[in-house]
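Chemist: Assemble chain L onto chain B, guided by the hints.
Listed here are the chains, written in short residue letters.
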Amino acid sequence: MSDLLRLATAGSVDDGKSTLVGRLLYDTKSVLADTLDAVHRASADRGLTTPDLSLLVDGLRSEREQGITIDVAYRYFATPKRSFVLADTPGHVQYTRNTVTGASTAQLGVLLVDARKGVIEQTRRHAAVLALLGVPRLVLAVNKIDLVDFDEVTFSRIAKEFTAHATALGYAEDAVVEIPVSALAGDNVVERSTRTPWYDGPTLLEHLESVPVEPDAHDAPFRFPVQYVIRPRTAEHPDYRGYAGQVAAGTVRVGDEIAVLPAGLRSTVTGIDTADGPLPEASSGQSVTLLLAHDLDISRGDLISAAGDQPTVTDEFEATVCWLSEKALTPGARVLVKHGTRTVQAIVTELRTRFDEQKLASTDAPGSLSLNEIGQVAVRTAEPIPVDDYAKDRRTGAFLVIDAADGSTLAAGLVGAPLPEVDGVESCTEGGDAAQPDSHALVSPGP
Amino acid sequence: MTTATALDTLDRLESEAIHIFREVAGEFDRPVILFSGGKDSTLLLHLAVKAFWPAPVPFPLLHVDTGHNFEEVIEFRDKVVAQHGLRLEVAKVQDYIDDGRLAERPDGTRNPLQTVPLLDAITNHRFDAVFGGGRRDEERARAKERIFSLRNAFGQWEPRRQRPELWNLYNGRHRPGEHVRVFPLSNWTELDVWHYIAREGIELPSIYYAHRREVYLRDGMWLAEGPWGGPREGERKIEKTVRYRTVGDGSCTGAVESDATDISAVIAEVAASRLTERGATRADDRLSEAAMEDRKREGYF
Chain B
1 MSDLLRLATA
11 GSVDDGKSTL
21 VGRLLYDTKS
31 VLADTLDAVH
41 RASADRGLTT
51 PDLSLLVDGL
61 RSEREQGITI
71 DVAYRYFATP
81 KRSFVLADTP
91 GHVQYTRNTV
101 TGASTAQLGV
111 LLVDARKGVI
121 EQTRRHAAVL
131 ALLGVPRLVL
141 AVNKIDLVDF
151 DEVTFSRIAK
161 EFTAHATALG
171 YAEDAVVEIP
181 VSALAGDNVV
191 ERSTRTPWYD
201 GPTLLEHLES
211 VPVEPDAHDA
221 PFRFPVQYVI
231 RPRTAEHPDY
241 RGYAGQVAAG
251 TVRVGDEIAV
261 LPAGLRSTVT
271 GIDTADGPLP
281 EASSGQSVTL
291 LLAHDLDISR
301 GDLISAAGDQ
311 PTVTDEFEAT
321 VCWLSEKALT
331 PGARVLVKHG
341 TRTVQAIVTE
351 LRTRFDEQKL
361 ASTDAPGSLS
371 LNEIGQVAVR
381 TAEPIPVDDY
391 AKDRRTGAFL
401 VIDAADGSTL
411 AAGLVGAPLP
421 EVDGVESCTE
431 GGDAAQPDSH
441 ALVSPGP
Chain L
448 MTTATALDTL
458 DRLESEAIHI
468 FREVAGEFDR
478 PVILFSGGKD
488 STLLLHLAVK
498 AFWPAPVPFP
508 LLHVDTGHNF
518 EEVIEFRDKV
528 VAQHGLRLEV
538 AKVQDYIDDG
548 RLAERPDGTR
558 NPLQTVPLLD
568 AITNHRFDAV
578 FGGGRRDEER
588 ARAKERIFSL
598 RNAFGQWEPR
608 RQRPELWNLY
618 NGRHRPGEHV
628 RVFPLSNWTE
638 LDVWHYIARE
648 GIELPSIYYA
658 HRREVYLRDG
668 MWLAEGPWGG
678 PREGERKIEK
688 TVRYRTVGDG
698 SCTGAVESDA
708 TDISAVIAEV
718 AASRLTERGA
728 TRADDRLSEA
738 AMEDRKREGY
748 F
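Taken in order, these protein sequences are the chains called B and L. Numbering of the first sequence is given in my numbering, commencing with residue 1 and proceeding in unit increments. Numbering of the second sequence is given in my numbering, commencing with residue 448 and proceeding in unit increments.
Just chain B, same shape as in the assembly:
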């Protein structure tokens, strides 16, 4: 079992997300005494009789003043079973932008709903974004269960509706779990609640501690974006030339034949170096330095790949973009694309479809994409780049869209990734029954 789980939260404003995260930290004893004292003091200053756990996480002045979360924050906590990195994302206006940020590295998404309101449009949108970004597993925390008198029927109805939606997005049923909780009172977050005798599933923490984590893609084809060429030119290492980088996918062994892209050069790995000594092999996630048999012209921006199973080298590709900027995207926009370690000039030649948040379906040929919108586009790059499909490889299928003028990050790009098409979901949200997993679901969660 992996010792680390990366998770991201998502939920609407006032669903109690900060309180849930605060409760998780508080009940796992991840909050130290001085921090807690500060929360007690701040709560008392605000005239509250019990500590407001959301103050544990809402750290910025304006967040505390307004009682909302503004920006993604990262929290760390650990139990004897596992360590956790939690991307705590706000549910407020910039929802998609923040959800995308948190989801890009998450192995599990925790969605919150208010038990009184059930699955709402934003829940479905968040789940769709998590599916699109390839987050392999979902948890629905049905919060404020105390405010519906711990009613089993209410919970079952919400759980069923959510499972239907998630499976329609391509999730397997065992990748989705619903849990009735009260973040405020602590029911089923860390401590098992006596007030939900009808619920026999895990508490939220038990689930987080035991959920399988998909291992890094060690058996995927080898991918290695070259970050930096190491050439000491010292007396000790006069001829050393190593290609430094982090293995993005797969495994490389000494003796492997590799290709250098986009040029298409070939060579053999003669050594895998680290400061702690040479290695016989390296797998995804490891930062190493590769030595090759031939003296090739390789520099930052090149991608070293398994010789037998290479990505597509192309200057035209389709992609899904999550637009993160207030500057809208229009067809013909000149941008920069950062893919791996290479940044190239590019033109977004076409806006093909826009993901309709109301219908969770795509509409044709939008004139533009605005902040928080998701759409399918065609991209042409000034030079060919080696890309994989995002659905196959979350690392070499991902890219940033950057504004060439001011350097801001405009969009998260996913090569190939088709938009979710979830027909039939509307009927199940209105009626709460007759939910049918949809055969048109195009998004598969994770590798």
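Hints listed in this document are in silico derivations from the structure and should not be mistaken for laboratory results. Glycine included, C-beta positions come from ideal geometry on N, C-alpha and C. Mixed in with the good hints there might be a few duds.
Stated by the list, open to error - Computed footprint of chain B on chain L, listed as stretches where at least three residues anywhere in the stretch have a Cβ under 8 angstroms from a Cβ of chain B: (1) 492–499; (2) 540–546; (3) 616–624; (4) 671–683.
Said to hold, decoys possible - Derived, one-sided and incomplete: chain B residues facing chain L with beta-carbon distance under 10 angstroms: (5) Tyr76; (6) Val100; (7) Arg233; (8) Glu236; (9) His237; (10) Thr251; (11) Val254; (12) Gly255; (13) Gly407.
Modeler: Leaving out everything else, chain L in the frame of chain B:
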């Protein structure tokens, strides 16, 4: 947490930090590592050495010196710099006080005064990327910090206008005059830092381990005598066995009572502590609910 488990996490954190160092080396013209000789910056330098081995670290170091130093730390700083054959720039708060550009604060602490010399050094040396040892687990405002944090010409952090940070694709683009603060230890916790120091056998200034020292009590913290003044009237010096959890400006960095004379004892102590390192020993973070955020907005780390 078992030992094997801790190792897995440390490998992952080390690999991420090395990746970040190499990204900066690949994309920026004039990076610099902030280096005080404290444990986080010593760790930072250790990781930088690993990232570029067998070549030397391709960045100079910068120390913003408040003048309120622990002697042992300055000696250690100079020894490490010499060991690695690196260049160290020192920006001195004292120089600014001497010529009137900065005024001593009534409370005597110089930590907040570091911002101006830091920003001047960045401007004068045209540094475009500045590595710091900040960790997100230290403080609520730091939990919101990106690994690549764009600062304007005034060094200011604007939490509402941060770039989204996606996958491990870092956007380091900046306009002339702007620079990027880079935090390779963002995802480390205090305990991770100590586990890693133990695993790698990294040497630290002696004050991190328990030793006898004359201290006096002020605002609930054990402060040591030094150029920062004290003990004041009514503050009595006594000898205690103490160690330091953080090393900053001597006027606001307190010692904790401890018998931990080696790394494994320190780890046991940190794991059992019910106080955060800053809450326990940093007066400057007690100033207000958002003290760190306010300083960061001004250009502090």
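Chemist: Three residues minimum, CB to CB under 8 angstroms: does the region 540–546 of chain L make the cut for coverage by chain B? Let me know.
Modeler: n = 0 at 8 angstroms, threshold three: violated.
Chemist: Does B:Thr251 pass the interface hint, meaning its C-beta sits closer than 10 angstroms to a C-beta of chain L?
Modeler: violated, 15 angstroms
Chemist: Given as covered by chain B, does the region 671–683 of chain L meet the bar of three residues or more with CB within less than 8 angstroms?
Modeler: violated (count 0)
Chemist: Confirm or reject the coverage of the region 492–499 of chain L by chain B under the rule of 3 or more residues with a beta carbon closer than 8 angstroms to the chain's beta carbons.
Modeler: With 4 residues close enough to chain B, the hint holds.
Chemist: Going by Cβ atoms only, is B:Gly407 closer than 10 angstroms to chain L?
Modeler: The hint holds - B:Gly407 has a Cβ within 10 angstroms of chain L, the shortest such distance being about 3 angstroms.
Chemist: Under 10 angstroms, Cβ to Cβ, is where B:Val100 needs to be relative to chain L, so tell me if that hint holds or is violated.
Modeler: Check passed: Cβ of B:Val100 comes within 7 angstroms of chain L, closer than 10 angstroms.
Chemist: So, B:Val254 near chain L? Judge it on the closest CB pair being under 10 angstroms.
Modeler: violated, 18 angstroms
Chemist: Answer holds if the nearest beta-carbon of chain L is closer than 10 angstroms to that of B:Glu236; otherwise answer violated.
Modeler: Holds - the Cβ of B:Glu236 comes within 10 angstroms of chain L, reaching about 7 angstroms at its closest.
Chemist: Under the criterion of a CB-CB separation shorter than 10 angstroms, is B:Gly255 in contact with chain L as hinted?
Modeler: violated, 22 angstroms
Chemist: Hint check: is the beta carbon of B:His237 less than 10 angstroms from a beta carbon of chain L?
Modeler: holds, 5 angstroms
Chemist: Does B:Arg233 meet its interface restraint, that is, does its C-beta lie within less than 10 angstroms of any C-beta in chain L?
Modeler: holds, 8 angstroms
Chemist: Should the interface hint for B:Tyr76 be scored as holding, given a Cβ-Cβ cut-off of 10 angstroms against chain L?
Modeler: Interface hint status for B:Tyr76: holds (5 angstroms vs cutoff 10 angstroms).
The structure does not agree with the numbered hints 2, 4, 10, 11 and 12 stated previously, though it agrees with the rest.
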